[in-house]
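Novice: Here is what each chain is made of, one letter per residue.
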Amino acid sequence: MIRWLIIGALTLTPAVAGSAWAQSAPAVAIDQIGDGSQAAIAQTGDQNSATVDQSQGHGDATIAQDGDGNTASITQSGSGFGLAALAQTGSDNLASLAQDGGDNSAVLSQTGSGNQASIAQQAATHGDSAVVSQTGQSNTASLSQSGDNNNAIETQVGSADSESIVQTGANNQATYTQVGNNLPNLAIVQSGGMNVTVLQTGSPFGGH
Amino acid sequence: MKKLLLGAVSAMALLTAGSAFAAGNDATVDQIGNSGSATVDQTNSSGDGVVTITQGTGTGVNDFYNTASATQGGSGNEATITQSQGTFGVATNPSNTSNSDQEGANGVIDVLQVGNSGSGILQQSGSSAEHAYVSQQGNGDASTIIQAGVQELAVVNQEGGVSNNGSISQSGTGNGVYTPVAADEVGPNGNGYLSRGENLPSDTLLATLFSGNTDFGPVGAVVDQIGSDNIGGITQGGYQNFAAVSQQGDSNFGVTTQNGGVYYSVADMYQAGNSNVASLAQTGSGANYSVAYQNGNDNQAYATQTGAGNDVSNIYQGFQPVDGYTLGEPYLAQTATDSNDFADVTQGNSGETSTVNQTGNSNQAWVNQSAQANATSNVIQSGSSNWAVVKQ
Chain Z
1 MIRWLIIGAL TLTPAVAGSA WAQSAPAVAI DQIGDGSQAA IAQTGDQNSA
51 TVDQSQGHGD ATIAQDGDGN TASITQSGSG FGLAALAQTG SDNLASLAQD
101 GGDNSAVLSQ TGSGNQASIA QQAATHGDSA VVSQTGQSNT ASLSQSGDNN
151 NAIETQVGSA DSESIVQTGA NNQATYTQVG NNLPNLAIVQ SGGMNVTVLQ
201 TGSPFGGH
Chain Y
1001 MKKLLLGAVS AMALLTAGSA FAAGNDATVD QIGNSGSATV DQTNSSGDGV
1051 VTITQGTGTG VNDFYNTASA TQGGSGNEAT ITQSQGTFGV ATNPSNTSNS
1101 DQEGANGVID VLQVGNSGSG ILQQSGSSAE HAYVSQQGNG DASTIIQAGV
1151 QELAVVNQEG GVSNNGSISQ SGTGNGVYTP VAADEVGPNG NGYLSRGENL
1201 PSDTLLATLF SGNTDFGPVG AVVDQIGSDN IGGITQGGYQ NFAAVSQQGD
1251 SNFGVTTQNG GVYYSVADMY QAGNSNVASL AQTGSGANYS VAYQNGNDNQ
1301 AYATQTGAGN DVSNIYQGFQ PVDGYTLGEP YLAQTATDSN DFADVTQGNS
1351 GETSTVNQTG NSNQAWVNQS AQANATSNVI QSGSSNWAVV KQ
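As given, the protein sequences belong to chains Z and Y, one line each in that order. Numbering follows my numbering, in which position 136 of the first sequence is assigned residue number 136; successive positions increment by one, without gaps. Heads up, my numbering is the position in the second sequence plus 1000, with the first residue counted as 1.
Calculated from the structure, these hints are not laboratory results. Among the clues, some could well be false.
[To be verified] Label-pair ranges, simulated between beta-carbon atoms:
#1 Z:A170 with Y:S1350: 35 to 41 angstroms
#2 Z:A124 with Y:Q1372: 35 to 41 angstroms
#3 Z:T197 with Y:Q1372: 55 to 61 angstroms
#4 Z:T197 with Y:S1285: 32 to 38 angstroms
#5 Y:Q1372 with Z:T125: 32 to 38 angstroms
#6 Y:S1285 with Z:V198: 56 to 62 angstroms
#7 Y:S1350 with Z:V196: 25 to 31 angstroms
#8 Z:N182 with Y:S1350: 32 to 38 angstroms
Values in this document were obtained by computation on a predicted structure and should not be read as measured data. Backbone N, C-alpha and C fix where the C-beta goes; we use that ideal spot for every residue, glycine too.
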């Protein structure tokens, strides 16, 4: 069975899909083979906490939060082939996503200010892919991948954002796009064969 | 005068009981006063017997400490026991008790008690299609129904009291594979499982049982309770089980345990009030379905499903019917004030599905589906300071 995860729409189950979760992140389709467990958490409000722990591989996990001061965590382990999508709208939110086993895909989207995002992937024989998208100010994102054939895409729109990408292994690819003001020094660390694409532009908001 | 009256009644009871050894015999006992005893034994009847025992006038306060017993053999029997201490709220002491025992098929037992009463009903193994109805008003009431045959139905309705205990135990089976239809499930899920149980808050059992909103399956058990500190318990050991517990009030405890379930088991729990606890446990080789509705603060709902797989668990906390009155109605509306609710779901096989929907603040949802793969969990929370944890 081929499963498709449309990042742009963050397609949740109908019961949890709210209009607040239709983000404008790049539409990316990821296909994986397998049919594992599925978890979806949707929270509206402040100071909420959501945790998904999947240990059998082939899992789909989705967390959507709308509010401030929320915390979300997804952990996937086992045989890999995990799909994880995490979307937060609001300020001062914290999102973390960890996958191991290989062939995992992760999508993390935050809209607001003062948000923190982290993705950690550990690949086995096959690579992982990760997408981080942040819109707002003073956001921070960190992404680490180990193993070969990984793919990382990190996009930040806003000012005073900071990021880091760490890839360890061969044939990895990282794409970082930052649009805003007060752009930080890049922190991309790769070992082994790699391909890096970096785009930084000034602020579209008039420069602050 | 009282002794003379009781003596006359006892004589009548003996007379009617004696004549009840032939098929289709009737026994009628009327008693007024206290400390009376009525016993009708139709064990050796071939069936179609009718027993009617009435103790108390329903208007006095001295109709207490009465005991009634009806035992019937054969098929097609009916037993009706009415014990009243007068208007609800007058009686303060434990008083009337009744025991009913039926063997055979198509038996019906009705027990109506007002006061602080106790009722025990036994419909034994080898019987089939027997129904037992118990309606109690008062504090400290206790009803125990044990059914061991097939196609059994038991209904307990306890309204307007505190510290009541309604218990139903069914160990028999249904009548074969039941084919669910869409109309069977009228709740928000509409998944076609057999379930619809609702009598609250004022559907008195005897008057409106079948005109209300209760639909039954091949095997059914229903407990309705209004008041506080009540316990409603259902245990089912056969297959094709249907259980519904409805409670309105505070600090109530509803527990349903379904074992067996060759084809499926359905358990519904409705609770309106604060600090209620709902416990739903299902095993067996069939696909189980459970749903808990809770409206109020500090409620707890526990759902455990360890059957063969493809079980479905739904928990809704912070919801009330759209009409704001009748529990169990479809299209539940969301309330905004519930808080400190707790939902715990444990599912132990493959293909399980869990949905937890909570509204309000400081609620918690815990879902554990880690035993097998292919599980689905949905958690929806509206409010602040909520927790959701899903383990797969």
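Novice: None of the hints should be skipped; say for each whether it holds.
Specialist: Status of the hints after comparison with the structure:
1. Under the hint 35 to 41 angstroms, the C-beta atoms of A170 (chain Z) and S1350 (chain Y), about 37 angstroms apart, fit the expected range.
2. At about 23 angstroms, the beta-carbon gap between A124 (chain Z) and Q1372 (chain Y) misses the expected band of 35 to 41 angstroms.
3. Remark: the range hint 55 to 61 angstroms for T197 (chain Z) to Q1372 (chain Y) is contradicted by a beta-carbon distance near 42 angstroms.
4. Range check, T197 (chain Z) to S1285 (chain Y): Cβ separation about 56 angstroms, and the 32 to 38 angstroms hint is violated.
5. The supplied range of 32 to 38 angstroms is broken by Q1372 (chain Y) and T125 (chain Z), whose beta-carbon atoms lie about 25 angstroms from each other.
6. At about 58 angstroms, the CB distance of S1285 (chain Y) to V198 (chain Z) agrees with the hint of 56 to 62 angstroms.
7. Judged by the Cβ atoms, the range 25 to 31 angstroms given for S1350 (chain Y) and V196 (chain Z) is violated: they are separated by roughly 43 angstroms.
8. Between N182 (chain Z) and S1350 (chain Y) the beta carbon distance is about 51 angstroms. The supplied range of 32 to 38 angstroms is therefore violated.
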